[in-house]
Amino acid sequence: MVKPRHAVLIAACAATLLLSTVSFCFSIDVHEAFHDVFSETEDAVGLAFRAVSEAETAGANVSSLLFRLNEAAGLLSRAEMLYDLGDHEAALAAANRSLTIANSVRDEALILRRLADEEKSRAFQFSLAFSILGSAAFLISLFFVWRWFRGFYIRRIMNLKPEVASNAEPR
Amino acid sequence: MLSLDDYGAIFAVIGLVGVLLLASPTLGFVLHFFGSEPFSELYILGPGHMAEGYPFNVKAGEEYGVYVGVGNHMGLSSYYLVCVKFRNQSDPLPNVTEGSPSPLPAIYEHRVFVEDDGSWETFLRFSFSGVSRFGNQCLVESLTVNDFTFTVNKWALWDSANKGFYYQLFIELWIYDLEYGGFRFHNRFVSLWLNMSVS
Chain A
0 MVKPRHAVLI AACAATLLLS TVSFCFSIDV HEAFHDVFSE TEDAVGLAFR AVSEAETAGA
60 NVSSLLFRLN EAAGLLSRAE MLYDLGDHEA ALAAANRSLT IANSVRDEAL ILRRLADEEK
120 SRAFQFSLAF SILGSAAFLI SLFFVWRWFR GFYIRRIMNL KPEVASNAEP R
Chain B
0 MLSLDDYGAI FAVIGLVGVL LLASPTLGFV LHFFGSEPFS ELYILGPGHM AEGYPFNVKA
60 GEEYGVYVGV GNHMGLSSYY LVCVKFRNQS DPLPNVTEGS PSPLPAIYEH RVFVEDDGSW
120 ETFLRFSFSG VSRFGNQCLV ESLTVNDFTF TVNKWALWDS ANKGFYYQLF IELWIYDLEY
180 GGFRFHNRFV SLWLNMSVS
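So the protein sequences, as listed, match chains A and B. Residues in the first sequence are numbered from 0 upward in steps of one, following numbering that gives the first Met the number 0. Residues in the second sequence are numbered from 0 upward in steps of one, following numbering that gives the first Met the number 0.
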């Protein structure tokens with residue numbers, strides 16, 4: 000028969016063990032959750048940067064997107080430092096906010112890139128048409144100028160009177 | 000006087016130059032000329048925003064500050080990671096010859112996107128706490144950077160030649176490599192020697 004004092008001790012030990020286990024499991028959950036979100040956010044910021052770079056290469060103005068990416072990057076750095084300092088909830092919140100911004104920037108960058116590509120394609124077509132038509136018009140004009148100049152030159156040559164020196168000594 | 004053939008050659012050259020000029024807008028889409036060599040800047044300035052007045056003699060409980068800046072001349076927007084590290088005289092620095100960073104962990108970091116030909120600058124505030132002396136050794140327990148306090152527990156030996164306990168706060172620049180899909184050390188770092196006073 001277990002004495003009441005022992006029963007209380009056993010119950011207290013069991014409760015402590017249970018609390019420790021729950022706390023440990025919760026701690027693992029928080030760690031895993033943060034690492035998952037942090038890793039996902041890092042990837043998302045990297046992908047957003049890739050999309051912004053491609054949009055920039057296509058000729059889009061990406062200043063506003065970079066401004067927002069800076070916000071996402073700042074939150075990501077903050078999340079990592081808060082996590083290292085033990086403020087897991089704030090770290091998770093910062094990482095989640097960073098993830099939202101990065102995803103939104105990536106979507107906008109993809110749209111901007113498409114628009115920039117279309118604009119570039121239009122500009123290329125316009126330039127090509129201008130170059131072809133302009134060159135053709137220029138060459139045709141030059142041909143007519145050449146024909147006129149050639150006639151002018153020949154007429155001028157024909158109108159020239161040879162200068163003959165009657166007393167010239169034969170060489 | 001020039002012959003008709005000479006005039007013909009002049010007209011041909013005018014025709015060629017004209018066609019090239021008219022084709023230049025289209026050629027601009029196709030041909031890409033190499034610009035200048037891409038590079039990034041990393042600099043550190045004193046609290047007066049000049050290359051002077053850097054903190055040197057430091058002690059616990061006082062706050063110090065320096066400006067840290069990054070300039071982007073890479074030809075495109077870049078994503079940088081600025082890592083702040085803290086070392087004593089025996090801890091390794093980055094190896095610029097090999098292009099490898101210091102293996103020490105970053106105590107503070109800042110990720111930043113900088114436009115091409117743009118720059119970014121921040122004021123870095125730092126202070127020390129838990130500074131104590133044990134014989135010819137000095138211990139710095141924690142370092143606070145921009146309100147974030149980190150435990151460093153860094154020992155330094157008395158430097159008899161320079162008469163002080165010397166630490167170094169250094170900043171490494173990393174750049175995001177799109178092909179690699181992550182940050183790589185950009186082979187640039189700046190540092191600040193600190194002589195720790197123990198009262």
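Derived by calculation from the structure, the hints in this document are not laboratory data. Quantities reported herein were computed from a predicted structural model and do not represent experimental measurements. Each residue gets a CB set at the ideal place from its N, CA and C atoms; glycine is no exception. Any given hint could be a false lead.
Computed footprint of chain A on chain B; a stretch qualifies when at least three of its residues, placed anywhere within it, have a C-beta under 8 Å from a C-beta of chain A [what the hints assert, rightly or not]:
no. : segment
1   : 0 to 11
2   : 125 to 136
3   : 146 to 153
Non-conforming hints, listed in increasing numerical order: Failing hint: just 2.
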